[in-house]
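> Residues per chain are reported as follows:
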Amino acid sequence: MIVEDFFLIISLIMGLLVFFCLYRVVYGPGVFNRIIGVNVIGTKTLIILVLMGFIYRRIDMFVDISLVYALLNFIVTIAASIYFQRKGVHH
Amino acid sequence: MIVLTILLISVGIFFFTTGTIGFLRFPDFYSRMHATGKSDTLGAALSLAGLALYEGFSLTSIKILIIVIFILMTSPTATHALLRAAFDSGMLPWTKGGQPIRDEEVRRGQK
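Chains as they are written, first to last, in this note's numbering: chain P, 62 to 152; chain C, 667 to 777.
Bear in mind the hints are in silico, worked out from the structure with no lab data behind them. These figures come from a predicted structure and were not determined experimentally. Glycine included, C-beta positions come from ideal geometry on N, C-alpha and C. Hints may contain errors.
[As the list claims (entries may be wrong)] From the structure, some residues in chain C lie toward chain P, with a derived Cβ separation under 8 angstroms:
#: 1; residue: Phe682
#: 2; residue: Pro693
#: 3; residue: Phe695
#: 4; residue: Ala710
#: 5; residue: Tyr720
#: 6; residue: Lys729
#: 7; residue: Ile737
#: 8; residue: Leu748
#: 9; residue: Ser755
With the hints as constraints, model all of the structure from the sequences given.
If you want it as structure tokens, here you go:
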């Protein structure tokens with residue numbers, strides 16, 4: 062029971078870090094700062110999903126969602142970077 | 667086992683916190699990638715390894731370890747692709763006092 066309280070505290074700290082990264086996504090200069098902000102938030106969300114699975118005792122369901130989230134995060138970053146590499150960005 | 671879990675997750679949270687501070691405080695895009703690209707990979711790997719250790723040996727912990735291996739492969743790849751896209755689209759690195767970079771003319775000539 063103490064370990065699950067520890068997981069809850071870690072999840073809250075992760076949520077706070079996600080809000081700090083959201084500053085760079087909203088106000089960041091240029092499009093690449095926003096893309097790397099979304100990538101960082103996705104990695105933190107993946108950890109939060111596994112922690113939520115341990116808190117709610119449904120880890121066998123949440124770990125699959127987390128795996129799909131990791132795949133989506135990678136594909137979104139690669140697709141956005143290839144798109145802006147071909148298109149070019151005006152600064 | 668539980669002590670090792672708490673230790674691994676705490677070290678992972680430390681790396682996530684330092685990556686976020688660097689992501690907010692560094693002056694340009696390349697140094698921000700330098701902060702987040704490594705510390706997020708290591709923090710996610712350490713946190714998920716601690717959670718797999720807490721779960722014990724089962725199918726779920728093997729799936730968590732698969733996520734760890736996937737992150738160790740894909741996160742540097744995504745960082746490299748994004749950095750390459752920014753470099754090819756002509757974004758210049760930050761220098762102290764706005765001094766010009768030595769190979770700037772060479773790269774402008776190539777484009």
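> Confirm or reject each hint.
Each hint, compared with the structure:
1. Phe682: The hint holds - phenylalanine 682 (chain C) has a Cβ within 8 angstroms of chain P, the shortest such distance being about 6 angstroms.
2. Pro693: 11 angstroms, violated
3. Phe695: Result: holds, 5 angstroms to nearest chain P Cβ.
4. Ala710: It holds, given that the least Cβ distance between alanine 710 (chain C) and chain P is near 5 angstroms, below 8 angstroms.
5. Tyr720: 7 angstroms, holds
6. Lys729: 5 angstroms, holds
7. Ile737: Where the cut-off is 8 angstroms and the nearest Cβ of chain P is about 6 angstroms from isoleucine 737 (chain C), the hint holds.
8. Leu748: Hint on leucine 748 (chain C): holds, closest Cβ of chain P at ~4 angstroms, below 8 angstroms.
9. Ser755: 5 angstroms, holds
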